[in-house]
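Q: Protein chains in written order, with the working numbering: chain A, 1 to 652; chain B, 1 to 348.
Just so you know, not all the hints are guaranteed correct.
[Claimed, not checked] Pairwise CB distance ranges, derived in the manner of DEER restraints:
| id | chain 1 | residue 1 | chain 2 | residue 2 | range |
| --- | --- | --- | --- | --- | --- |
| 1 | A | Ser137 | B | Pro91 | 53 to 61 angstroms |
| 2 | A | Ala72 | B | Cys25 | 49 to 57 angstroms |
| 3 | A | Phe384 | B | Leu270 | 29 to 37 angstroms |
| 4 | B | Asp320 | A | Ser137 | 53 to 61 angstroms |
| 5 | B | Ser106 | A | Glu545 | 48 to 56 angstroms |
| 6 | A | Glu454 | B | Pro13 | 24 to 32 angstroms |
| 7 | A | Ala72 | B | Lys136 | 42 to 50 angstroms |
| 8 | A | Lys622 | B | Glu158 | 45 to 53 angstroms |
| 9 | B | Asp273 | A | Pro520 | 55 to 63 angstroms |
| 10 | A | Ile74 | B | Lys334 | 30 to 38 angstroms |
| 11 | A | Glu454 | B | Glu277 | 45 to 53 angstroms |
| 12 | A | Arg484 | B | Ser275 | 50 to 58 angstroms |
| 13 | B | Asp92 | A | Asp32 | 57 to 65 angstroms |
[Claimed, not checked] No more than 27 angstroms apart at the CA atoms, straight line, and that leaves these computed lysine-lysine pairs for DSS-like:
| id | chain 1 | residue 1 | chain 2 | residue 2 |
| --- | --- | --- | --- | --- |
| 14 | A | Lys593 | A | Lys532 |
| 15 | B | Lys340 | A | Lys450 |
| 16 | A | Lys215 | B | Lys340 |
| 17 | A | Lys437 | A | Lys250 |
[Claimed, not checked] Per the computed footprint, the stretches of chain B lying under chain A, defined by three or more beta-carbons under 8 angstroms from a beta-carbon of chain A, are:
| id | region |
| --- | --- |
| 18 | 77-89 |
| 19 | 109-116 |
| 20 | 144-156 |
| 21 | 187-195 |
| 22 | 336-348 |
Read the hints as simulated data drawn from the structure, not as lab findings. Since this is a predicted model, take the numbers as computed values, not measurements. Quick reminder that beta carbons are idealized off the backbone N, C-alpha and C, glycines included.
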Amino acid sequence: MSSEQGSLATPVAGINGSTNGHAHKHVRETVDAVTIRFAGDSGDGMQLAGTQFTNTSALAGNDIATFPDFPAEIRAPAGTLAGVSGFQVHFSASDIHTPGDDLDALIVMNPAALKTNLKDLRSGGILIVNTDNFGVSDLDKARYKISPLEDNSLNGYRVVRVPVAKLTRLSVADFKLSPKEADRCKNFFALGLVYWLYERSMDVTLKWIREKFAKNPQYVNANTAALKAGYNYGETVELLPVQYQVAKAKISPGTYRKITGNEAAVLGLAAAAQLANKTLVYGSYPITPASGILEGLAELRRYGVKTFQAEDEIAAIGVAIGASYGGAIGITGTSGPGVCLKSEAINLAVMTELPLVIVNVQRGGPSTGLPTKTEQSDLLQAMFGRNGDSPVAIIAPQSPVDCFDMAMEAIRIATQFMCPVFYLSDGYIANGSEPWKLPEVAKLPKIEIKNATEPNSAGWSGPGHENGDEESKGKGATFLPYKRDELLARPWAIPGTPGLEHRIGGIEKQDVTGNINYEPANHEHMTHTRAKKIENIALTIPDLEVTGDQDADLLVVGWGGTYGSITTAVERSRKRGLKVAQVHFRYLNPMPKNTEAVLKRFKKILVPELNSGQLNWLLRAKYLAPAEGLNKVQGKPFLVSEIEAAIEKMVK
Amino acid sequence: MAATSTPLPTLKPDDFKTDQEVRWCPGCGDYSILAQMKKALASLGMPREKIAFVSGIGCSSRFPYYMNTYGFHTIHGRAPTFATGLRLANPDLQVWVVTGDGDGLSIGGNHLVHALRRNIDIKVLLFNNEIYGLTKGQYSPASRLGTSSKTSPGGSFETPVKPLSLALAAEATFVARTIDLDVQHMVTTFQKAAAHKGSAFVEIYQNCKIFNDGVFEYATDKSVKSDNLLYLEHGKPMIFGKDKNKGIRLNGVKPEVVEIGKDCQIDDLLTHDESNEDATLAYLLSRFAHDTDKDAVKPFPEPVGVYRNVRKPTYEELLDGRIGDAIAKKGKGKIEDLFKAEDVWTVS
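Can you make the complete structure from the sequences, with help from the hints?
A: The following block contains the structure:
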């Protein structure tokens, strides 16, 4: 990370670029990794500035990880604490797994952004402040009685005061923009400054501006001018006596792009459907933070993707299940509150044994909860949140890039086992991004689907077949919709196929024939069969892999989106000489075959989760494992340091 | 769908029978609907595998188990959503949705409205018995004011839904009403619904022998029904009554019942035009209600038959059009292209 960066012995407070800059000898410093955050009002374009900086860094060859953090309100009143939007970028010359704990640099556009973000800036870190928005009413909205620029409270940081708004207006004066339009260029001025500070090329952003505003040449000119003005301002006034360089990361050869978890999910789902030669039908109702998947898939019509924006969450899953019944790959996507509404329909897919993927991009709950914040608290909902004994498969991607692989895996399991599969992503990896090496198509996993085309029984038809009577055998070929394969999956017969007409529904079925059946023994048999079928998935998934010190006493166990934070914490703890081992679950139900054996090998088990201990609960219940939780429910991801501290405490 | 070279099978109504025991109460109107559906489907010349029945929950929703086609008995109120997904996946199928007044108008009201609005090519049959049957006799959203039931002691005081008004307000492109005991009319109505491209909504008056017996007697009793019903015929003046001497005339924006030869001539009567793009007149007709009009000096008859039958692009056609446009513009998507983004970089 970046703690080695602060080479200046004394934090320099209050550098004002316009006067003091030239007094220092200018140096270039090479650092391994840097974490910066752009923060401002929701309308200040901070997400855009952060994204541009990320793209530029990725193209410059750094490893990157990002964390956008924005309010649920689209435009909370300007300047208020509720309206602050931030975008964090961690860029590095080595392999990284998280968007970073502490900030090396923070760019704030108003007092509210300063107030809500300052605590994350490391001591001695760079604080670039837009001083134009520090009037009495701005301070008031951020609940500051005295301007923090004047009360010495920022002495521990390297403060760079820049009248961003004023300089931006000057830089775009030639382009006949309204004052409002001119102010919208502020983010590019700030971005230009930061490009200078980290010696980045402006080319990626200049190209983006040209394409984005192609229809409005004056916006192209103005934003270009603002970006360059910011860069030149930094250079001319030598904003800081130092510039930082982050070298290219050593990553394996290949073609890369930057990708968020939701983008990766879109590609994984679409790719799996293409490989299976199936139409993908995605039924969804807009909900944060899952909407990006619906939007992304809506762009893929020419790839055989059909998206359906339903009237509600129930309709969305109904359409998905109906599509699966019709022979397509039916998928529904939502977040926790939507899953609540879908429970009954999920059970219909359990009972009718149709393939279905339920994408849940988790957010803070219960109820509406924290719509834009991350949490991992829907695991037990996925496990148990339905009536009856109702087993489903559950998998969870562990990083933005892994969303691609696990989306494909969700479709593989759903179609191979004719069952619903929960795909538990979360807001953190869904919106966060990292570099993704484009896969070779030939090396992607095969998804082979065999739909039934012919009757699967020589006997059983006529009146007796309702009860599977022996005497009705041999009365002509027929199709038995619940006659299972060796893994207990039933055949998938597509309506339209002659001779396979059959009826399915939510009432308990007789095994083999699929006829309505209320007999006690049959219900018990079917309950066990549905459970056993889900257990059989374990025969087709990889074992848990223990990384780190195989002979450690402590095993750190995680699942899903916390992989990056846990892995970094384990790596750092081991560097400090602690013995620690790690496993990470991407398959939650069923768990890998060797789970019990792995858990038994360790004396102590630490389970960090962004919930009150849900995986912990499962491990203790299923395996009587001596697991202890590290639980955080603040709507924010783990800091690496939080997990490190817990590891240290348990090792000692 | 018939665009194949293989000869179409000749099917008899009994070919649609399954091996399942029919479990409705003796005397239930559903038996008649099942029988007429088999007749209607046999007349279409469509192979059984190209037909699917999708239902929700309730007495009516057991229907798919009794039809030897593809069938999906789903969950309460949501049948239109499953049917929509089935059509998206499999646009060659003829998809029928079977629902009741509780399933379709109460718990599933939202889905019904949106399926019709989108003009999904599904045929919705609403078995309206104005009561909850399978849960044993509670009032439904279609129950008339004053309906006494287990959950409405002293009589229901909720304004009931008029299913056809709802369907028309939801922009349904085919809207019709028929009656369980009028068997030939029902067969014809089903045939017309099957021929319609787009959402079809058919309300069927269906007697519940056990919990709401006789609620449609005014429409089925031979001695009175001619005065209580108006059989709509496309292109024909709206005439009804035992002596065929009554008709419907428009007075300003208000319809009125008139006596032919006394109040007016046949030419003054409204002529039924089911193909009218404007659903206003159809909506006016959907307001005629026996229970509220019967005590008027000149009570309105309840119209049966096809109210509206207009051709508009279906959701599936429009979506396929968009897919076609996208392919025409950029070519059929190949998996290799899927991964490429605007900004990629190469590490060597």
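Q: Using the C-beta atoms of aspartate 92/B and aspartate 32/A, is the stated range 57 to 65 angstroms upheld?
A: 60 angstroms, holds
Q: Just to be careful, I want the Cα atoms of lysine 215/A and lysine 340/B compared with a cutoff of 27 angstroms; is the pair within it?
A: Holds, at about 25 angstroms.
Q: Given the range 53 to 61 angstroms, decide if the beta-carbon distance of serine 137/A to proline 91/B lies inside it.
A: Given range 53 to 61 angstroms: holds, Cβ gap about 59 angstroms.
Q: Between the beta carbons of glutamate 454/A and glutamate 277/B, is the distance compatible with 45 to 53 angstroms?
A: Roughly 47 angstroms apart at Cβ, these two residues keep to the hinted range, so it holds.
Q: Check whether the Cα positions of lysine 437/A and lysine 250/A lie no farther apart than 27 angstroms.
A: OK: lysine 437/A and lysine 250/A at ~13 angstroms, within 27 angstroms.
Q: Is it true that the C-beta distance of phenylalanine 384/A to leucine 270/B lies inside 29 to 37 angstroms, as the hint says?
A: 60 angstroms, violated
Q: Per the coverage rule (Cβ-Cβ under 8 angstroms, at least three residues), is the region 187-195 of chain B covered by chain A?
A: With 0 residues closer than 8 angstroms to chain A, the region 187-195 of chain B misses the three-residue bar; violated.
Q: Check the hint pairing lysine 593/A with lysine 532/A against an upper bound of 27 angstroms on the C-alpha distance.
A: 14 angstroms, holds
Q: 42 to 50 angstroms was suggested as the range; check whether the CB atoms of alanine 72/A and lysine 136/B agree with it.
A: Between alanine 72/A and lysine 136/B, where Cβ atoms are some 45 angstroms apart, the hint holds.
Q: Tell me if chain A covers the region 109-116 of chain B under the three-residue, 8 angstroms CB rule, please?
A: holds (count 4)
Q: Under 8 angstroms between beta-carbons, do enough residues of the region 144-156 of chain B, three at least, approach chain A for the coverage claim to hold?
A: violated (count 0)
Q: The hint says 50 to 58 angstroms between arginine 484/A and serine 275/B; measuring C-beta to C-beta, is that right?
A: 51 angstroms, holds
Of the numbered hints given earlier, the model fails hints 3, 15, 20 and 21; all others are met.
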